[in-house]
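*Asks:* Sequence:
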Amino acid sequence: MLLTEEDKQFIAEEERLLESTLQSLCQQLPQVQAAKISANAAARELTRQVVNEWNHEERQPLVSDEAVAHHILDIRKNSDKALYELIQEPYFGRVCTKEEDGSEVSFLIGKKSNIEAGIVDWRNGPIAGLYFNYKQEEEFYEVINERERAGYIQLRRSYQIENGQLVQIDAPEGMFRRNEAGWGKLDVEDEIVAHR
4 MLLTEEDKQF IAEEERLLES TLQSLCQQLP QVQAAKISAN AAARELTRQV VNEWNHEERQ
64 PLVSDEAVAH HILDIRKNSD KALYELIQEP YFGRVCTKEE DGSEVSFLIG KKSNIEAGIV
124 DWRNGPIAGL YFNYKQEEEF YEVINERERA GYIQLRRSYQ IENGQLVQID APEGMFRRNE
184 AGWGKLDVED EIVAHR
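Read in order, the letters of the sequence shown are residues 4 to 199 in the working numbering.
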């Protein structure tokens, strides 16, 4: 199906959201990599000290410190890896809510959390439950972080992102997919029949 101007604006808005999310994630890389390098240097230095220390009494605290330093290094390596994975596929859903008190909250749902980019891990209970348990424009009532929250789902969308590229958007406005020629709007009925 051909895209209307509204469809094009809708897709452009979603592409801007992905771009700003990727920008946030990429800006975190230098800090995460510097922390990993620093943790590696600290772990190596403590290992060197343990190897060179012959006095058993002075060696014991170094062994403990070395174990902690290597654990911190493992955490830093995992942070680095998680960030690279998020850059490839940062999120697969988005929910915007309007609560009874008038406040509006928007968050992205992904396979891993990243607070700075506004991404919540899908396994994170009630917050992710707003995405999985409600449709757009439905009212909700949940206890989140020991606080009762009520309102309605203003916006709920699903995405397919591959290698940092938005390839599909599924929303009440329609299902859109990118191919070699660009974006197109899918006929949902045809898609259902094709996948039977």
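Any given hint could turn out to be false.
[As the list claims (entries may be wrong)] Here are the computed lysine-lysine pairs in the DSS-like style, where the Cα-Cα straight-line distance is at most 25 Å:
#1 K11 / K115
#2 K188 / K138
#3 K101 / K84
#4 K114 / K84
Simulated from the structure, these hints should not be mistaken for lab results.
*Asks:* State the violated hints by number, sorted upward, taking the hints as numbered earlier in the document.
*Replies:* 1 and 3
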